[in-house]
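> One letter stands for each residue in the lines below.
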Amino acid sequence: MSAEKLPESHGSEGHEVAGHGDPFADPGLPAHAPRRTDIDERAAKRAERQVSLMFVVSMLATVGFIASYVAIDPDKIVYIFPLGHVSALNFALGLTLGVALFCIGAGAVHWARTLMSDHELPAERHAIEADDDVRADVIEQFTTGAAESGFGRRKMIRNTLIGSMALVPLSGVVLLRDLGPLPEDKLDHTGWRVATEAKPLPLINMNTNKPMKAEDIAVGSLTFAKPEGLEEDDEDFQQQIAKDALMLVRIAPEDIKDNDSRELGFEGILAYSKICTHVGCPISLYEQQTHHALCPCHQSTFDLADGARVIFGPAGHPLPQLKITTNQEGFLVATGDFAEPVGPSFWERSA
Amino acid sequence: MSSASSASSGASKPASTRAKPANKAESAADWVDGRLGIYSLAKANLRKIFPDHWSFMLGEICLYTFVIIILTGVYLTLFFKPSMGEVVYHGSYAPLNGIRMSEAYASTMNISFEVRGGLLIRQIHHWAALVFVAAMLVHMMRVFFTGAFRKPREINWVFGFLLLVLGMFDGFFGYSLPDDLLSGTGIRFMEGAILAVPLVGTYIQMFLFGGQFPGTDIVPRFFTIHVLLIPGIMLGLLVAHLILVFYHKHTQWAGPGKTEQNVVGMPLMPVYMAKAGGFFFLVFGIISAMSAIATINPIWAYGPYRPDQVSTDAQPDWYMGFSEGLIRIMPGWEIRAWGHTLNMGVMVPLAIFPMVLAAIAVYPFIEGWITGDKREHHILDRPRNAPVRTGLGAAWISLYLVLLVGGGNDLFATHLHLSINDITYFVRVGFFVVPIITFFITKRWCLGLQRRDKDKVLHGRETGVIKRLPHGEFVEVHAQLPPAKLHTLTAHEQVQPVELPAEVDENGVAAKVGVVTKTRAKLSESFYGEGSQIAKPTAEEHHEITSGHGHH
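Protein chains in written order, with my numbering: chain A, 32 to 382; chain B, 223 to 774.
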């Protein structure tokens, strides 16, 4: 297929000497040029001393490593320009280990480069492919073996064998079933589901751990909240907060563009899920003037004044909003769960 | 044979034909040889020839960092507790005192602050992992741009590719283990990505996490994957990779005395042993020193993971940057119908990610099919002499870099004072445009370099000596290249494009030319046609110019 377009055919044979016929012919391996250390015994001695010096430095560095390990307090912090404040132990151990290892390597390489032979030698390559005789022989042997097995002739055995081999790995897959529970409707609900009109669930300020009144939240501020009853030392706290986390924002009611969104809030206080609908990072960057909230992971940007609509970035749908109101004592409460699942979307998600 | 005769005569003392060993070492070697056959092994390998070129050490860096990762990894497993059980921290790092955290995070804090040398080993482990993936990428580029992946080495290319992919994922799993705020965010991202898989996404999520996010199983499970499953597979692949390197023997650059049938270089013992063995210590030493002075992954600064908190520098390690770029630039398309949601915004990047990788894995087979070349290749191509391949490689790197910009768009925005939205829009367009531009620039550049080589061969090297001729003209004296240089610059072969079979055969019957054949001819033309290579200088051209009536 691919023809060579060499000036003159050589290349494959190599070694012929450049004749006047072909200016590009392979002149063959160049003659060996001696190094200084090959001809000057003093240079060789010097190289020998250099190699040994590096090995000696390595030994000293290892001693230094052990001494640092024993002597330096792990809590000791030192200031080293330009690194700043660093752990003295880490710095000493790392540098001594580094020097100990590096000097062995440098010594060995210097030894190889200056004192070991630097004669380049050719070695022959052999084709990877077998020759035709071997090939014919192997194919014949295989054919004999295959014929003796009757694998090709007894089609029923062959097909049932293939069938059984194809099915048997299924057992391995089935065994993985108990790794976890079935999804069921777990992703559709959050901890707010226990709230009802009759028995609303107070919103607890994430920082103060106390219920909040509407006047506690200033216009333009962003507050984070969790449902009442969820405590940090609960066994499933991480799993709950991963879905329940709320972001409370107060916007002057006339600035709220989305009517449904205003209805779900209370006097301009809107409660959105804090979990980004892209892949689930908690949203934490809020721009007061524009009412935009930005997820720091992938920069999905939501307009909190407009029903948390996505205005930039890879998120596919708005942040779910929680309906809130106040109870008799004036504390902010939720009266039910989010209308749609929080967090990233999934196949079974219908809303 | 004397042994046979002595055995038949029933002599009590068995005789050996072997010469008496000269010393203790030889007799020990004889003993081992009788059991393991080491002499036959050593015969082929003790003085095995390795060619020398700086770029051949890139693969060595991969090997050595892998060894360093295993050594330090074993140390870390002695102290690390892969558990998500909750504890309250009472350690020597005051800012986190009294804070709730998982045992995984607490034990990582313990390794970093109480175990003497623990911080160093943690840093060496992480730095070595970064250098490992970087070295694999650069090593792969070396193999790609020099055409070293061609027959008989295609399978080894695939092994190397698998090692890269496994290395990237093992990096991700390892980085997730300390259960700090940054790594937990990474796992959250993975959860969202899994949920985007149609039909089975929620099931995979529940099974992998042992329930809802984050649950308590993910760290112990990742631990097993990180220290046992993936490294086990990698070790097997690595050994296979090295066996094949040994078996195929190393490639070499064209040069005097170097042919497709030989390999020219230094023997394994002693030179290569000393150089390669020494190089291990150089790599280990440099990584140790780096770990002493440069902090990596300071988990104490991030704090323990909480699903409702996030740090703003939520970035994956750089080698995952291109997948992060894909996920950041994809518009958030969701298709909702019949009570189901198809999350294109996450699924499409998730599908492109393996496709970009797979395109690299199969490249040797595609190029082999286009050239139809069935011969073995051991002499490397200079990148300029394969302009289309070099262009494709450069295009791939540019795509990678564009996506890396996408993956770090927040950092680019803050450091260069740009709008994050503008960067994202630029990357969305650049994803399609930049690789194409890069391809054409690189190809042109290669052709220019080929022309320069041709010029050098025909007109010699510029000496910098200006001569004034009797009639007043100034010329620069050019010196002829030495024969070795002339040979090296003209040693590459120039592949001719595959030609379409004639429309009519010799009997005048119309021959059918299939679509596949036509496509292949077209591709071959674009690879090796007139626009893709400069004709090499011929001996005649050289004679004409150097025969005395010189142009200079």
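Hints in this document: simulated from the structure, not taken from any laboratory. Be a bit skeptical, because a hint or two may be false.
In silico lysine to aspartate or glutamate, DMTMM-like type, Cα no more than 25 Å apart, as pairs [what the hints assert, rightly or not]:
| id | chain 1 | residue 1 | chain 2 | residue 2 |
| --- | --- | --- | --- | --- |
| 1 | B | Lys707 | A | Asp149 |
| 2 | B | Lys596 | A | Glu155 |
| 3 | B | Lys676 | A | Asp53 |
| 4 | A | Lys217 | B | Asp274 |
| 5 | A | Lys217 | B | Glu308 |
| 6 | B | Lys265 | A | Glu151 |
| 7 | B | Lys678 | A | Asp53 |
Note that the coordinates shown come from a computational prediction; the quantities given were computed from them, not determined experimentally.
> Taking only the CA atoms, is the gap from Lys676 of chain B to Asp53 of chain A under or equal to 25 Å?
Given that 25 Å is the threshold and the Cα spacing comes to 16 Å, the pair holds.
> Is the Cα-Cα distance between Lys596 of chain B and Glu155 of chain A 25 Å or less?
Holds: Lys596 of chain B and Glu155 of chain A sit about 20 Å apart, inside 25 Å.
> Lys678 of chain B and Asp53 of chain A were given as a pair; does the straight-line alpha-carbon distance stay at or below 25 Å?
Holds - the C-alpha atoms of Asp53 of chain A and Lys678 of chain B are around 17 Å apart, at most 25 Å.
> Take the C-alpha atoms of Lys707 of chain B and Asp149 of chain A, compute the straight-line distance between them, and say whether it is at most 25 Å.
The given pair, whose Cα atoms are some 21 Å apart, holds under the 25 Å limit.
> Given the hinted pair Lys265 of chain B and Glu151 of chain A, is their Cα-Cα distance within 25 Å?
Between Lys265 of chain B and Glu151 of chain A the Cα gap is close to 19 Å, so the pair holds against 25 Å.
> Does the structure keep Lys217 of chain A and Glu308 of chain B at a Cα separation of 25 Å or less?
With a Cα-Cα distance of about 23 Å, the restraint between Lys217 of chain A and Glu308 of chain B holds, given a limit of 25 Å.
> Quick one, are Lys217 of chain A and Asp274 of chain B close enough, alpha carbons at most 25 Å?
Violated - the C-alpha atoms of Asp274 of chain B and Lys217 of chain A are around 61 Å apart, more than 25 Å.
Hint 4 alone, counting from the list given before, is not met by this structure.
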